[in-house]
Amino acid sequence: MITKDRILELLDYVKDPEIPVINVLELGVVRGVEVDEESGRAVVTITPTYTGCPAMDVMAADIRKELLEAGVPEVEVKMSLSPAWTTDWITEAGKRKLKEYGIAPPEKTADIRALKGEDPVVECPQCGSKNTMMLSPFGSTACKALWKCNDCLEPFDQFKCL
Amino acid sequence: MELNEALFQFCLRRGDDTHVLSHRLGEWCGHGPVLEEDMALTNRALDLLGQARNYLQYAGQVEGKGRSEDDLAYLRNERGYVNCKLVEQPNGDYAHTIAKCFLFDAWHLPFLKAQLDSKDEQLAAIAGKAVKEATYHLRHSSEWMVRFGDGTEESHQRAQQALHDLWTFTGELFETDEVYTTLQQAGIVPDLGPIKEAFDRTVNEVLAEATLKRPEDEFMASGGRKGQHTEHLGHMLGEMQFLQRAHPGAQW
Ligand SMILES: [Zn+2]
Chain R
1 MITKDRILEL LDYVKDPEIP VINVLELGVV RGVEVDEESG RAVVTITPTY TGCPAMDVMA
61 ADIRKELLEA GVPEVEVKMS LSPAWTTDWI TEAGKRKLKE YGIAPPEKTA DIRALKGEDP
121 VVECPQCGSK NTMMLSPFGS TACKALWKCN DCLEPFDQFK CL
Chain P
1 MELNEALFQF CLRRGDDTHV LSHRLGEWCG HGPVLEEDMA LTNRALDLLG QARNYLQYAG
61 QVEGKGRSED DLAYLRNERG YVNCKLVEQP NGDYAHTIAK CFLFDAWHLP FLKAQLDSKD
121 EQLAAIAGKA VKEATYHLRH SSEWMVRFGD GTEESHQRAQ QALHDLWTFT GELFETDEVY
181 TTLQQAGIVP DLGPIKEAFD RTVNEVLAEA TLKRPEDEFM ASGGRKGQHT EHLGHMLGEM
241 QFLQRAHPGA QW
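Going down the list, the protein sequences come from chains R and P.
The first sequence lines up with residues 1 to 162 when you count with my numbering.
The second sequence lines up with residues 1 to 252 when you count with my numbering.
Bear in mind the hints are in silico, worked out from the structure with no lab data behind them.
Any given hint could be a false lead.
Claimed, not checked - Chain R side only, calculated, beta carbon under 10 Å to chain P, not exhaustive:
1) P54
2) V58
3) S82
Positions of the beta carbon are idealized from the N, C-alpha and C atoms, including for glycine.
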């Protein structure tokens with residue numbers, strides 16, 4: 001029988017296509033899972049990270065594919081805009097994996113600083129130094145900013161705080 | 001005017017504003033003055049495109065005639081587009097592009113902040129996402145205005161020229177008409193008074209820091225909301241809509 005727990009287990013395997021070390025649950029985009037236990041029909045509600053994030057369509061398709069292949073008879077993926085996703089919804093495990101992958105994770109609710117136009121204090125994911133500087137608020141994808149470490153001199157991506 | 005018709009028109013306006021500016025910024029892809037700026041402008045273009053999709057999807061839903069976001073984006077002609085004239089202006093040099101963004105952002109951010117309180121849940125939700133992006137946008141364009149204005153003699157002169165050329169298009173951002181007042185009475189769109197104050201504050205502060213002069217309010221261009229555009233929009237749409245016109249219904 002298809003249960004909600006089973007669906008959550010399967011969602012563990014659906015990765016963010018742009019950052020393939022974290023899955024959709026760790027990214028915090030899964031807003032709800034409903035299963036009709038009789039028919040096995042599953043409805044997964046997800047929320048976009050960034051408005052124009054091209055990865056959302058891919059994530060929706062990947063969720064459908066994963067569940068259908070695992071034998072869920074009918075799958076619907078809904079997109080919901082509200083309440084708006086924030087980087088605080090990335091789980092602790094997700095943040096740890098981002099860091100291991102070389103992306104500085106977002107600081108908790110640092111958006112206050114960002115909204116005031118100040119740079120957050122960001123730790124270099126390579127050497128741990130806090131002596132870092134932002135090179136550009138726009139990085140390789142819509143969700144990342146480009147930073148540089150003044151100690152180990154390596155550039156790195158930072159997951160922008162929203 | 002009927003509320004539903006007004007809501008449809010408003011969604012088209014916001015969709016067209018964001019879509020047209022997105023396309024203009026996308027024209028810089030591969031041509032940016034430095035790599036970081038190339039990425040910054042394409043990132044901004046992507047944010048705006050996402051916002052445009054939200055507005056146009058919603059417009060199609062409100063209209064209820066089965067038109068999709070793509071139908072609305074690719075199958076309306078120039079006279080059917082209702083964006084403000086500011087966003088359709090050609091990119092020009094980098095100072096022109098940045099000044100256009102700056103003037104747009106200085107209006108867009110306070111507008112979105114006010115739209116958060118819209119009685120229309122979907123418009124409030126769209127603003128909830130977009131307001132964070134617009135915060136980054138305004139910061140980016142403000143920093144460049146200061147860098148150009150307070151930079152070399154050449155960069156200062158070009159930034160001043162850009163402001164001079166584009167200022168005439170800022171009046172339209174604060175115009176109201178029957179569509180707007182109908183929605184405002186229903187609590188769906190915000191009072192433009194406080195938004196104009198926020199715009200003035202941002203413009204004055206940033207231009208002061210940039211040592212640039214705020215242009216005088218003289219003749220203000222109008223008509224974009226009625227589908228009357230400068231000659232530039234038609235050329236832009238010709239390129240943007242080519243594929244759907246030449247191969248109707250084409251998909252990825
Ligand atoms: Zn380092």
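Hint check: 10 Å Cβ-Cβ cutoff, V58/R to chain P: Violated: closest Cβ of chain P sits about 12 Å from V58/R, beyond 10 Å.
Minimum beta-carbon distance criterion (10 Å), P54/R to chain P: holds, 7 Å
Status of the hint placing S82/R at chain P (closest C-beta pair under 10 Å): Status holds, d = 4 Å.
The structure shown violates just one earlier hint, number 2.
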